[in-house]
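Asker: Using the sequences provided together with the hints, build the complete structure.
Protein chains in written order, with numbering that gives the first Met the number 0: chain W, 0 to 475; chain B, 0 to 475.
Incorrect hints may have been included.
To be verified - No more than 20 Å apart at the CA atoms, straight line, and that leaves these computed lysine to any residue pairs for SDA-like:
1) K450(W) with E319(W)
2) K40(W) with Q90(B)
3) K56(W) with A236(B)
4) K58(W) with A236(B)
5) K58(B) with R237(W)
6) K323(W) with S235(W)
7) K40(B) with P91(W)
8) K256(B) with A324(B)
9) K60(W) with K56(B)
10) K331(W) with D318(W)
11) K58(B) with D318(W)
12) K56(B) with S235(W)
13) K58(B) with R111(B)
14) K60(W) with P16(B)
15) K58(W) with E436(B)
16) K60(B) with K58(W)
17) K60(B) with K331(W)
18) K256(W) with S246(W)
19) K60(W) with T15(B)
Think of the hints as simulated: they come from the structure by calculation, not from any bench.
Protein chains: 2
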Amino acid sequence: MQRLSGTDALFLTMETPEWHQHIAGLTVLDPSTSEDFSFEKAVAHLESRLPLAPKFKWKLKETPLNLDRAVWIEDTNFDLARHIRRAGVPQPGGKVETAELLSQIMTRQLDRRYPLWEFWYLDGLANGRLATVVKFHHCLLDGMAGASLATVLTDLEPDPPPREIPKAKTSAGREPSSAELLARSVLPNMRTPMRIARYTAEAGRRGLALLEFNRTAEDTAPLTGVPTTRWNAEISARRTNAFTSISLEDVKKIRRKYDVKVNDVVLAICSGALREYLLSHDELPEEPLVAGVPVSTRSADDNELNNQIANMNVSLATDEPDPKARLKAIAKSSKASKAMTNAIRAHQIQSIGETAPPLMLNFAIRALARTGALRAMPTVMNTVVSNVPGPPFPLYFAGALTTGMFPGSVITETMGLNITVLSYIDRIDFGLSADPELVPDLWDIADGIPKSLKALMKAGKLGKPTKVEDPFGEPM
Amino acid sequence: MQRLSGTDALFLTMETPEWHQHIAGLTVLDPSTSEDFSFEKAVAHLESRLPLAPKFKWKLKETPLNLDRAVWIEDTNFDLARHIRRAGVPQPGGKVETAELLSQIMTRQLDRRYPLWEFWYLDGLANGRLATVVKFHHCLLDGMAGASLATVLTDLEPDPPPREIPKAKTSAGREPSSAELLARSVLPNMRTPMRIARYTAEAGRRGLALLEFNRTAEDTAPLTGVPTTRWNAEISARRTNAFTSISLEDVKKIRRKYDVKVNDVVLAICSGALREYLLSHDELPEEPLVAGVPVSTRSADDNELNNQIANMNVSLATDEPDPKARLKAIAKSSKASKAMTNAIRAHQIQSIGETAPPLMLNFAIRALARTGALRAMPTVMNTVVSNVPGPPFPLYFAGALTTGMFPGSVITETMGLNITVLSYIDRIDFGLSADPELVPDLWDIADGIPKSLKALMKAGKLGKPTKVEDPFGEPM
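Answerer: And the structure:
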């Protein structure tokens, strides 16, 4: 038995049918690198790696009336079959159909009576490909410092030597492999949009020093007076996902040309797509949109999670029609925000979950949710753009080559759109998550991303965008 | 606004995460009879028929603290997209994979914030086939007297003339088509296992006159002292499904040979499969298993639902090793039960939902469930075997030929196995529903059914079973 940390307990308490607290990683696989890849092999692989992530065999025990934080207990009836799901991607098995299935998976809450994760095996993708989805509750990952299931599932070669499985029930003292070290730096970041949105919301409610800083600093994005879009509204229980991919080299070309950061180019590409989308609906706000951008602040010897991620609020300069001018404005705002972020660390905000009495917190949050007070909060950001640097070399799952990795991310009240960006080998993959009742045409935004890249390259006289292979196996 | 009937409200109140109150019909389709069958056409067809089932646009409004029965209100934000789901059947797309996907669909509760149904479109079945699943809450169908969505979705020809859509919000005054009349007589029966199990449980709790009758009547199956099997236990939230098909003509041959009823032959075939299954686990009880068999008692001019279905408890004579002797014992028990059923109608039992104050009922049922009292109830039947006569001619959905229809049925506490049998053209299709934590190897029972038929035919010197086409499109 182990009591949940205050933050983890907060994630549980705040979960409502509309406001899910689970996240997922979808991995597209090409099984042709393995002679005997199959559903059974995938499950066996999963099972063999499970001891490396002991928390995946823990389940919740919530205390009566929520008088205290819930505790983790070992699931003595643990049955892997309860966590394995299988489905096919509808024909023709492209990224649209894969995203549709991921949306269905994301729309459903996890069953709190069992360890809080599911593993989905999806076949029927184009070109013989398939996908796996690991879906897990935010409170399961939080505080795990990288020992997540997703982390331990991949290898750097198709047929790696067997991993040493530790005898201990926790993996605290284990020497991590190089693949794990890599994965630790990449995968835990996938959960940041949620946390950041939460921190920022918290900041908004508590009227922190952040506001004061913001009034006096120049060029930083506003924390009040952020415009509202169609997706900055009350969210429903449903989720929709869309994906797109562009060439990493194209982004680097733009970065070099304008002497900005890769992240600024990513933001400018997203900004162009969002601007065109809102223009086409005749809904572009006069004030520029503001993105929450998670940044890592973790030092090398720091393995605590509560101060490794901070948030920057960056203006997306959507009021600027010229792509070059927009990129420059974003880079300027980003630089100013970075300075602010260094001054005020996010961990000052998080402590509410650790210090407030759980009963009071439960009542307060439920009351806020019921009275709609959370919905009445001012918009503090329009979207999250989370840019996660991924491995520049191939990863394998049970022998099958990973051709792409896409998140099912968390959206929150008044922030019904999330863009998470992951680089992989020579490509940048975009995963968009939204509420379909607010953004029924999410693919229009996704499809606007390569167009936005094209416009930016054209403005910089950098030629045409490089054609990239589709990770879902669809012909170009 | 319309208040739920007491029975419908009871189905809502009794629903727990383990004890689902939804049912589903899976229809396998061969789209080659339609030139332009597609997902979009299927959805358009569904939409065009929706006005014939007005309750599918109603949603629940539960009263605070459940002080009174919930009411139905029109969902003024009705959005068809919320109810449409799409997935592929995993490869190779046979009946095993289709059943696996149906199990996933059945395991999830419906979202009470929207009209209580889902329509699933599943492609990727063998031989170019696909399937649809209509999943709906029991309380949605109850009292609808046949105006269910499933009822209005099929036609007798691939390209029927457009149906007349009534202007009125309810279909009470509408003239039903011949297809509807047919479907009304067939499809509503698919929900009977649940209701019957409930009635019987109710009877068990209340110690009705049934017990008295049973003590004095001869040859009837016992209502107390029913043996317990591995699946007569506490059920989990999970569901598993399995299917099999045999030739209708083979069953009729046996019926003629022994001068019994078709239903007796079906029971004997199930009995043989269950006996072999339990023997192989070395768990065959000494006492014969008892099946609950729903029978229709509705007269032609009677359109009330509350007395149209009754239950017979029939001995499955699983203590009898000889197939012929087993069939004869079942026929005898069945005849005696029929007489008893005619004497005591099920509607005497149902009235509790109509008369008890809702608040008291809520508390009482929740208390029973929480304390495990429901689980401590004696086993009143081992399984339900529901035999539904289906159409002897083809049905079409949006132009696509229906090649098979299989239920996802309800299982209940201490009755974790349901066998629903539907005849269609020249075939009898078996749909088995169970809790995988109690019956992880449900396919062994399903596969035992054709073997049981074979043994019965051999014992009667009736030759070998006829080969039947697989409705899922798999090669023989």
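Asker: Against this structure, judge whether each hint is valid.
Answerer: Status of each hint after checking the structure:
At roughly 17 Å between alpha-carbon atoms, K450(W) and E319(W) fall within 20 Å of each other, so this suggested pair holds. With a C-alpha separation of about 15 Å, the suggested pairing of K40(W) with Q90(B) holds against the 20 Å cut-off. Our distance criterion of 20 Å between C-alpha atoms is met by K56(W) and A236(B), whose separation comes to about 18 Å. Restraint check for K58(W) and A236(B): the C-alpha separation of about 16 Å stays at or below 20 Å, so the hint holds.
For the hint linking K58(B) to R237(W), the alpha-carbon distance of about 17 Å falls within 20 Å, and the restraint holds. With a C-alpha separation of about 37 Å, the suggested pairing of K323(W) with S235(W) is violated against the 20 Å cut-off. Under the criterion of a C-alpha separation no larger than 20 Å, the hint pairing K40(B) with P91(W) is consistent with the structure, at around 16 Å. Pair hint K256(B) plus A324(B) holds up; C-alpha atoms about 13 Å apart against a cutoff of 20 Å.
For a cut-off of 20 Å, the pair hint linking K60(W) to K56(B) is broken: about 38 Å separates their Cα positions. Restraint check: the Cα-Cα separation between K331(W) and D318(W) comes to about 15 Å, which is no more than 20 Å; the hinted pair holds. Under the criterion of a C-alpha separation no larger than 20 Å, the hint pairing K58(B) with D318(W) is inconsistent with the structure, at around 42 Å. For the hint pairing K56(B) with S235(W), the CA-to-CA distance comes to about 18 Å; that is within 20 Å, so the pair holds.
A threshold of 20 Å between alpha carbons decides the hint, and for K58(B) with R111(B) the separation of about 8 Å falls inside it, so the pair holds. With a C-alpha separation of about 16 Å, the suggested pairing of K60(W) with P16(B) holds against the 20 Å cut-off. The straight-line distance between the Cα atoms of K58(W) and E436(B) is roughly 18 Å, inside the 20 Å bound, and the hint therefore holds. Taken as a hint, the K60(B) and K58(W) pair is broken in the structure, with Cα atoms around 33 Å apart against an allowance of 20 Å.
Among the hinted pairs, K60(B) with K331(W) is inconsistent with the structure: their alpha-carbon atoms are about 52 Å apart, more than 20 Å. Using a Cα cut-off of 20 Å, the hinted pair K256(W) and S246(W) holds, with the two alpha carbons roughly 16 Å apart. For the given pair, K60(W) sits about 18 Å from T15(B) by alpha-carbon distance, which is consistent with the 20 Å threshold.
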